[in-house]
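Student: Take the given structure of chain H and dock chains C and Z to it, following the hints.
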Amino acid sequence: MVESTVMGYDASLSGRMELDTDSALVMKAREGDFGAFEKLFDRHRLLVYRFAYQMTSRRDDAEDIVQEAFVRAYQNLHRYRDEAKFTTWLLRIVTNLCTDQARMQTRRSALEQQEASGALEWMTTEESEDPVHNLESERRKGALRKALNALPAHHKAVIVLRDIEEREYPEMASILGCTVGGAKLRVLRARRALKDRIAPFLGEEAV
Amino acid sequence: MFSLAVKLAAVLLFGDIQADRLSERERAIWMHYRHAVVTLYQGDRATGVAALIDDSGYFVTHNMSVTGTTVDGKSLDGKQIPFNVVSRDSATQLVLLKTSKWVPGTAKPFRMPTEAEEEGGSLIAVLPTGPIRAAYVSKNRLGVLNPSRRLVPLTEIRFEASPQAVGGALIFCENGELIGTLNATLERPDMFGGNSNQSQQGGPNQGGIQFGQGIIQVNPPPSILLNQGPAEMTVAYTVGAQVIQHTLEGFLSPDHEAAYASLGVFCTDAIGGGALIQKVTPGSPAYKSKLQPGDVIANIQFNEITDQVAFARVMLQQSVGKKITLVIKRGHSTLYVDIIPAKAAN
Amino acid sequence: MKGNLEDRLAQFAFGEISPSEATELEQILERDPEARRAYQTYKQMKVGLKSLSEVPEDQFSTERLRDAILTQGLKPAPIKRPNPIVWMWMPLAASVLGFMMVYERNTLFRHKVSPQIVMSANLSKSRTAVAFERVNSVDHSVRVATTVGESKLKNPIPSMAVHRHHGHRVKPEPDTNVIYADWEGMDDNVTPSSPDHGPSLASRSMQTKSMAASESSPIVFIESDRDAQTGAQKATEVGNASNVLVGG
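First to last, the sequence lines map onto chains H, C and Z. Going by our numbering, the letters in the first sequence line up with residues 6 to 212, in that order. Going by our numbering, the letters in the second sequence line up with residues 18 to 363, in that order. Going by our numbering, the letters in the third sequence line up with residues 23 to 270, in that order.
Hints are not guaranteed to be accurate.
Claimed, not checked - If you want the footprint, here are the derived chain C segments under chain Z, 3+ residues with CB under 8 Å:
hint, segment
1, 119-126
2, 161-171
3, 189-201
4, 279-285
Said to hold, decoys possible - Listing some non-contacts, in silico: residues in chain C with all C-beta distances to chain Z over 12 Å:
hint, residue
5, Leu93
6, Phe176
7, Thr251
8, Glu266
9, Asp272
10, Ser306
11, Gln325
Because the hints were derived from the structure by calculation, they are not lab data. The C-beta atom is built at its ideal place from N, Cα and C for all residues, glycine as well.
Isolated chain H, as found in the complex:
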């Protein structure tokens, strides 16, 4: 039995706290307890949303993907097996969704594509005091975001999983449906692809 997130239970508290593990919630949801599924949703939706946002760079697209991912999860609860972590299972669903979406996309207009890949609806401000440094690192971050968005979906997905969301390799292997060695290889290949794209933007430090 895998326990992913366990809410704390303090026996000394007068009120009762939920002790439901993900697996327990899944079981309840399977039996028709939608509230249990909502709890799962509450717990894990940020995880799914973060991944979807990194893949699409658009909040509305990401939210659509979150919805679709949880709908799929709901319909397929009976197929979820306790041997895998629920979060791994979810990530697998959303990874497939995102790469499917890339596959299913028909020709988008050049303008749309540009907008999608360059979409920077927000900018986090750099903590550093140095205004020159600020500008430079903003520029680089923008370039990195553009380069990442320009990667094909299968590369982008592994970079997001590994280097942004920092999933461990065994979990990634499970998400991607390959071996740990295969996952490492994919990450290396994706990083190389990204590096090729970003190198011209990094000034003299690169070539």
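Tutor: Leaving out everything else, chains C and Z in the frame of chain H:
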């Protein structure tokens, strides 16, 4: 007895249910073209479908649907149609069949595919069990056929359904163009099952290393590479329109075979542009023209060769037996080599 | 610079390397300026990627999810235990399974339809077995051992086709010391290109331009062996096209 029961069920179900999966319009299209489709049998088992390409009785089917030199077919209205195998093409996996029992005018033959398909448009895939809907995804895919390493353009299509026996299906689009026969499907990860390897091996630790609660196979078969396939969608490929067209034209030519021009080399991308020869096949035109590994093919018959993909693409356009000129870079020299492509091995 | 070294530098930059290897790589960095540049780029990438991890707040509500699921009439499919007695009536049960499996495969079993319509005790068992099938399609021995009941129901075409195809298989031409794409699945540290022709750092960015078209969609390898479920040849996608060996 059991197989009879399944077949009965199949006949009862497939005939209607699959046609039901098509929209009104798609069903109308199917009705229009179904007389040009013949189901192929091995004994009493349906092994594939064949599509009429010429009213004199020439059909094409997929290689996996027919072994040997003859095959029996049955048209959708029950007529027995025996076929002889005329020719097989390994690049596309298409097989040319001929029957003498075809009555001209019975049906409209399928047409050659053109490149002008609409991405996202709907297609019809014909299985032995009937037609199902497929969608056209992309014609910009590139494929490498193992083991010949031939690089071909691919047409990607998808089925919005769990995987089913779609291998060898005939794909056509609504204006009657034959897109191809379904060659390959993309491997899918097991989306919902966790690592079921452990259940198969009857216990947690057989042949796998344990991480957390799951088992990862240590030595998977080499075909598990980048498993990107979707789980609720089947992604499939047919060889691209250009190559299908070339094959069909070859089939309908007096020789009844499709010939692909080949030089007899294997290339990778050359640094700085071009196709770098890694290996020359003994006895091939390249061998006879004394090309060597390390040579870079920079130009073929006035087509600039920027990389291996360009090399493969340009070679697809050349003809067997027709002399062409190559521009070769060897070390610091530039050589001009006349060469006559031979037929690619089938 | 060899691809192998670049990969190791990438791992080093991302902190995925053992201390002993780290020492070795540090020495290389000291004497190889090109390697240093690559390493620096990767380090910058690492920092940059981490900084991308902030995302704007989402506005997704539980109501929306509830709407999506409940108002579409979806219910989770219950799990039912298969009745073991069924298996005693093998032929009948098998043909019922065949009927249901066939029906399941061709009914509109999709998002918008309540799965309960097609669920039955037999079916859940067959579907589980089908899921096993899917995973183990590449491992024939395992499949045979565990899905005895299923194998009768499967469309026999794929296995026939496999045998058939073995008969037609063309012996591969290229010799084995030319390294091509098979390495990608298995070994972490295999050089992607033959030693004499490994692209240097500078030329890789040059190559990038000419390969832009092929990079954006991965190359698909079509194997001669077949997918057990679809009966078609197996296709796999390979990310980087540049070191594929192509015959012509």
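Student: If a hint holds in the structure, say so; if it does not, say that too.
Tutor: The hints, checked one at a time:
Proximity of the segment 119-126 of chain C to chain Z, defined as three or more residues with a beta carbon under 8 Å from a beta carbon of that chain, is not established by the 0 residues found. For a cut-off of 8 Å, the count of residues in the segment 161-171 of chain C with a CB near a CB of chain Z stands at 9, and the three-residue condition holds. Counting residues of the segment 189-201 of chain C whose C-beta sits closer than 8 Å to any C-beta of chain Z gives 3, which meets the bar of three, so the coverage hint holds. Here the segment 279-285 of chain C counts 6 residues with a CB under 8 Å from a CB of chain Z, which clears the bar of 3, and the coverage holds.
For leucine 93 of chain C, the condition that its CB be more than 12 Å from all CB atoms of chain Z holds, with the nearest at approximately 18 Å. Phenylalanine 176 of chain C, annotated as away from the interface, has a beta carbon of chain Z within 12 Å; the closest lies near 9 Å. Not every Cβ of chain Z is farther than 12 Å from the Cβ of threonine 251 of chain C; the closest lies at roughly 7 Å, contradicting the non-interface assignment. Non-interface call for glutamate 266 of chain C relative to chain Z: holds, since the shortest CB-CB distance, roughly 20 Å, exceeds 12 Å.
Chain Z leaves aspartate 272 of chain C outside its interface by the beta-carbon criterion, the shortest separation being 21 Å against a cut-off of 12 Å. Every CB of chain Z is more than 12 Å from the CB of serine 306 of chain C (nearest about 14 Å), matching its label as outside the interface. With 12 Å as the threshold on Cβ separation, the claim that glutamine 325 of chain C sits away from chain Z is violated: the shortest Cβ distance comes to roughly 4 Å.
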